[in-house]
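Starting from two chains that each stand alone, build the complex the way the hints lay out.
So the sequences go chain by chain: A and B.
First residue of the first sequence: 1, per the UniProt record's numbering; consecutive thereafter.
First residue of the second sequence: 1, per the UniProt record's numbering; consecutive thereafter.
It is possible that part of the hints are untrue.
Said to hold, decoys possible - Within a straight-line C-alpha distance of at most 30 Å, the following computed DSS-like cross-link-like pairs (lysine-lysine) qualify: (1) A:Lys79 - A:Lys249; (2) B:Lys242 - A:Lys134; (3) B:Lys242 - A:Lys153.
Rather than coming from a laboratory, the hints here were simulated on the basis of the structure.
All values derive from a computational prediction rather than experimental measurement.
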Amino acid sequence: MNAALLPSHPIGAAPAEQEFLLAVEALTVSFDGFKAVNDVSFYVDPNEIRVIIGPNGAGKTTVLDLICGRTKASSGSIKYKGQELTKLSESGIVQAGVGRKFQTPSIYDDLTVFENLEISYPRGRSVFGALTFKRDAQVRDRIEEVAHMIFLKDQLLERAEFLSHGQKQWLEIGMLLIQDPELLMLDEPVAGMSVGERIKTAELLNQIIVGRSVLVIEHDMKFVEDIAHRVTVLHQGRVLSEGSMERVKNDPKVIEVYLGH
Amino acid sequence: MTRPNPAQTVNDNPFMKPMEWVSLALLAAVIFVVLPMLLDAFRLNLVGKYLTYSFVALGLVICWGFGGILSLGQGVFFGLGGYLMAMYLKLEASSVENTKIQSTPGIPDFMDWNQITALPWFWKPFTSLPFTLIAVIVVPALFAFVIGTAMFRRRVGGTYFAIITQAIAAILTILIVGQQGYTGGINGITDLRTLNGWDIRTDQAHNILYFVNGALLVACILFAQYVKRSKLGRILVAMRDKEDRVRFSGYSVAGFKTFAFCLAAVFAAIGGAMFTLQVGFMSPSFVGIVPSIEMVIYAAVGGRLSLFGAVWGTLLVNWAKTTFSESFPELWLFGLGGLFILVVLAFPNGLAGIYRTYVEPRLTRRAKAPEPAPAALPHAAE
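Excised from the complex, chain B in its bound form (with noise of 0.2 Å):
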């Protein structure tokens, strides 16, 4: 045969092409070995979380990228995530022995201030850390398949999901803000101390916190690639396209939604969890509108159709987040919005598609410059 064997080309579906070793490579370089060697502990730290933030960044990728289903609300699934790891956190910190002082040893502070004298029923399960490392994983993604469910049966979408996601984590906040008795209200959980016995304080812990945190944003990063090479992924795209099409393909157009939805409600509470270990403390402020929308405009920077581009956007955007607001506090919401509507005009594929336009064909004719340069191959879809 003359000309090449178009199979021998599509059969070529590797997990990843060397472009995106290269770029899994670049950051695996910087979280394990860059930063680690330039920053300081307290920076270090500082970058641990902002890199669970872009475990959310990582899903609205999955979810808002290829699926098209942008969710004002990930902040819930952040917060489920963060505030279940509190929960065992908080009951190791308030032993009776630490709580003595209380009218009631042996629960948490804020309860005994709130006139509680037993612990309440759905905490109990808490003083188990294997429960609850399930229930970080479990509870959002149960959460997220019945909200999945109840709206994308019904065929809601588009702006509609996105508000009714946005009303989600404005009632998750007041819900959790007004049960303070139950939930440390508008502090929050606060004063964490150990895991299993193991102080999780000192700069060491922080430290060794910040390895496992890169380790599973890999993981995560790892897995994301599965579904998006796989033939689920291109049913996202094909969706986010022609829904009714896919819908009189045979599939059944909601059930996809739910599980790109769950999975990023999974991402996103493996992100809160690993913020609470960290941070050392989890308050409604991580839950409402405001930080789910900053959420979406880490993965809008980062180029919404990258997993790699997620990550860089939120740790650029929360640098410049640290920069500008300790030198211009009052203007940095300004700046966030601004650099908002920038991107959605002139970079509607964020970094990763700035990337793809001028960096890679450079980067590919330097590198088979003897060759005609092949055929563009156009962002979307990678």
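Same shape as in the complex, but just chain A (with noise of 0.2 Å):
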């Protein structure tokens, strides 16, 4: 075990730096020369909403994949409760307790809206551990429940392939509920919803922060408002501007590049 993780300061480490969730500190990507994330710092405090808005190509979703393992950084550090992430393996970050949804739904749609959840709880995740997991009343009342707050009780039997496109965002943010990340990162959470669908969202995301920190990648500014404690915005790879809805709204920067179009 990390050092970093034993309750008291790491020597040389500022007191401060133990309050963050999440401390991303000059954070840089190059594809190619192509920098599309360029030295971009920005902190998580626990239980914090956190929305990234940005124009297309801003490195939004770079930002999130660097974070959970996808992409290695070129420089730079993440550190999530004092860990830092960049030399873990992407499973390892997942038991971490960092948890992460794609843009498009990403579910298994051969399986059952029940064994999506269940490949999900965090038990038996090595092969002899998958081998011999058993489907306890644990496991089932945790799926149960899950599927309650995701609107899916009435579907458990059914396979994923066959939900409307909002339900599908809702079991894989139920797939990473299940997971209970501590750090819940989501892309895109309400893109292709319908109005209904959009307000149920904005109710299941504010149940499920309870005690944990979300990173929001969102283009819908209503949402965006609705659910927000504070914004970053990125452009062309740089944060832009940081801080509340209402600041970064009136940030003339910010109206320049995005909000103005």
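Written as structure tokens, this is what we have:
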């Protein structure tokens, strides 16, 4: 175990650093010389909902990819509860408590809703563990509880393929929820949803944020205003502005590149 | 509660569904009762040989059907199992007594022909039957583990993986053919006689080996069923579908793929060892690219998502092969290629898919006529 995980402050680290759940510092990634993310720093508190906005190509999804390990950073650091994530494997990052939802619904079409949720249940993740995994009452209860939260309790035995687009998005949120991550990252959770589904999703997000931090990428400004505690605006791979929605909305730089369009 | 409790239904996860028990009973009846009653000793031995290929097809169902990992090199593992068994049998057949006309008695004949005067070190442990039996399982598993780890860790998958496995099959064939003094070369290892003193060339021995083979096949089917029904089986299906989602749900995708590949390798090796015992020789013609692709066709024809389909597919294709190549030997390969294209285009889930789409609904309707038809359960992941 990393010394930084111990409750006492490691030598040389500022005490304040320990209070952030996620500290992204000077993060840079370059693809063949193109810096998709350039010297980005931001800090997420425990129990905070942070929304990342920005025009297309601003590097929003790349930031999430970097945090969850899908893309390797060229330089910079990502500290989650004091632990350096850039050195962990993808599955190690998940096991540390970071969950990620993809932009397009990423669920297992050939399995039932129940089985989709069961795979995300944080037990039996090794090959041997998966072979001997028992579907006991604890697992079933938890799956039913989550299915109830994501409005899919009557679809448990349906194949995920047959769900509507909105239901698929909820299912993926549910799959993250069952992992019980402390940091939940959602990439456009309401994209392509009907108005009714959006309202339900906002309600769902407000329910599941209790006891965890959420990092959301979203384009829908109404939705962002509804849920965001703080907003980070990215533009061309850099942080353009940060603060409350009110502040960001009135920032002339932001108006110029983004909201003014 | 008025509505049915979903927990009760999802809890209902029996080892095998009633229809699967029927399939198993049917297969067992055909292998253990019907065929031995109908066929003469020669034909039964032929079916026994076919059944050894179905071990490979069974492994491909797990690896390719469920896991989406297409290996075009299963002949490598079939061959490894077969060769390891052949090494033991050959050493037993090469006693000083039997080989006293050689310039170096006590070593296999092909070594003597190649001016080798002492038994190579890697042949020596194969004088022991327990060692051989363990090696038949462990060596192919280790080899698959090394290939799997090297490939899957680097995220090599899909077509690239298939091509690499095919290259390995080609390399191993060239190696075996080239190292004639150590492997018997293109002729393979022939003239195998006894297993721990028991003559395996008699009709009675063929008969016993046929039943041992059948029993091993059923055991492998049951183990495959255990894997399929476990969470690991569902993870394989999930990985085939959305690899990244599995990875970001906290699983090491490479580890699960390697497991599926190793399991397929072990099944293939058991088949290979049983092949050597029943047919009495092993040669590089069962290792290379063509047999490896043929084995994929068995699984495809039977239905790559069906454990039982794999066995039926193997039997059917081999029966066709024997029948057609007796009458039109030069046309058979075209027939085989055509069959593969037909299956892929028209029946992607093979015989099992045809059964599930056309036959099973009628059976269920007849069985529970008064009840309303249940929502059609789709084929995949079954």
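Against the structure, the hints:
| no. | hint | in the structure |
| --- | --- | --- |
| 1 | A:Lys79 - A:Lys249 | holds (29 Å) |
| 2 | B:Lys242 - A:Lys134 | holds (23 Å) |
| 3 | B:Lys242 - A:Lys153 | holds (23 Å) |
The structure fails none of the hints (numbered hints given earlier).
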